[in-house]
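Asks: Residue numbers (this note's numbering), protein chains in the order written: chain A, -9 to 282; chain B, -9 to 282.
No wet-lab data here; the hints were simulated from the structure. Some clues are possibly wrong.
When chains are identical, the list treats them as one kind, so a pair holds in a single copy or across two.
[Claimed, not checked] In silico lysine-lysine, DSBU-like type, Cα no more than 35 angstroms apart, as pairs:
no.	residue 1	residue 2
1	K136	K6
2	K136	K155
3	K17	K53
4	K6	K53
5	K136	K17
6	K155	K17
None of these values were measured; they are calculated from a predicted model.
Protein chains: 2
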Amino acid sequence: MSIDLTAASITEAVQKTFEGAEDERVKELFIRLVQHLHDFTREVRLTGEEWFTAMDFLERVGKTCTPTRQEFVLLSDILGLSVLVDLIHHPGGGSVTDSTLLGPFYVEGRPTAQNGSDISGEVEGIPLFFNGRVLDPDGNPVAGAKVDTWHSDGEGFYDVQMQDKLHGRLAMRALLTTDDEGRFWYRSVAPRYYPVPNDGPCGEILRAANRSPMRPEHLHFRLHAEGFEPLITMLVRSDDPYVERDAVFGVRRSLVVDFVHHDAGDTAPDGTRMGEPFQTVERTFVLDHREH
Amino acid sequence: MSIDLTAASITEAVQKTFEGAEDERVKELFIRLVQHLHDFTREVRLTGEEWFTAMDFLERVGKTCTPTRQEFVLLSDILGLSVLVDLIHHPGGGSVTDSTLLGPFYVEGRPTAQNGSDISGEVEGIPLFFNGRVLDPDGNPVAGAKVDTWHSDGEGFYDVQMQDKLHGRLAMRALLTTDDEGRFWYRSVAPRYYPVPNDGPCGEILRAANRSPMRPEHLHFRLHAEGFEPLITMLVRSDDPYVERDAVFGVRRSLVVDFVHHDAGDTAPDGTRMGEPFQTVERTFVLDHREH
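Chain A with its partners taken away, still in its complex shape (with noise of 0.2 angstroms):
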């Protein structure tokens, strides 16, 4: 019965609407989700304009939407809800390696790499030399696991954004596979501080709270192993300047390290003397085994 409805009484005429439904998560999630939106929409007396603004904001981002683009993801980024989901199901602080954002950047088809080559694919840039190592929650390496990493160039820009520069090829990214150590390594270029897009709808929310469109420097990484739970990481730079404010809350403590910087004529992990600056990046993962 859907007739003589008060603002108190909808939200339980628009729930039992969805009892009908056969698949009970479907139910579920729509129940709380009407009650929520209910909720606030009382609580802040929403106006009919407001109500009006939102709709046309909502029809923004979803037109802002391209295939290189997703302005619902960067919505829900700033927001706070996708590290929330992530947070609920990895809760992370054990001994295994804390999981965080996949981010807009991650793609597909990516090259794959030996270990100890150059992934920089060209692009100029501080010279960055990063070591990994994968270990089992025991310590034992976990060789052949496969390390997906992708970043930014040393003007926070990614391949997938400089794609006329670039001429349509990618860079700074690679599929690596662990040794029977566990060790990867490769060479690239250092990244950099960045915004997120904010010439689109979110934009409009950031400056509205005056908010930085700002993401910490960051190197990402993914990682697969036989038997391992799927890990999505990254690591933030531990002096950059926004590492305590990123605009998407993908920072974690334990998830910070050192970007150490060495001078011109020190030697590089590889052995090469080199004859500029650069910088080096250690870190161990810790995969998780796999539930069954």
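Dock chain B against the given chain A, drawing on the hints supplied.
Replies: Same frame as chain A, now just chain B:
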């Protein structure tokens, strides 16, 4: 400080980022929105897969919006939000006529019409004669009130949904003006119950919930008069099969009226002896004085 967050502490961290908003209302709206979005996400322990499905759904809702189809308004309608916003500010039950949804079919460029004219725009159907009166709360006629009316045809379609057939003309809608006694009247064709557009993302929700997409037969009205609050309302056919279960929760009992059947040979309100069956509807609208 947005580091070392947990599924519990992230909400306050996100809310704090809105405290720098200059507009107090923006601050309030986002702080409460974040609270409810996060509470919902925690309560149902939303999974990453469900979150991804939601992001994809919202993008598709945005992409479905066109100048003549507003899928986010429809989403708001089927979740009862649109009516809730109206009920909060217009609880009704007083001496003035209750308001309800504007709906998606109001068009700014509607033609003006003289009282008594046929506004059907050459659309075929059962003749319908409407007689209305506009009064103030004391029962005095409101002369010179502007009355918009619009409705579907006998198959449930509005003019904007059959522009090919109508060669771009508008039909079954007009702007009328009340006479010195507050009266307005017109001839048209009887409308019909119809489904909300269910071939898009919102249709997926209705089907997943086994919900009817139908709205009962109704006539829309929008009234403006100098010194009075504008009124958006509609009249719903009392013997319609969907009167108690409108898909968008827009029916109020006070707005249910009889669409009276007359046989061929009876005399219409305009004095015409009709050669076919027809319907008549009468209604008085009471406008509220404008608040100052």
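Asks: Take the hints in turn and mark each one as holding or not.
Replies: Structure-based check of each hint:
1. K136 x K6: For K136 and K6, the Cα distance exceeds 35 angstroms both inside one copy (47 angstroms) and across copies (39 angstroms).
2. K136 x K155: within (29 angstroms within a copy, 60 angstroms between copies)
3. K17 x K53: Classified as both: same-chain Cα gap 29 angstroms, cross-chain 25 angstroms, threshold 35 angstroms.
4. K6 x K53: both (32 angstroms within a copy, 29 angstroms between copies)
5. K136 x K17: Neither: 38 angstroms inside a chain and 44 angstroms across chains, both beyond 35 angstroms.
6. K155 x K17: Intra 49 angstroms, inter 40 angstroms, cutoff 35 angstroms: neither.
In summary, the numbered hints that this structure violates are 1, 5, 6.
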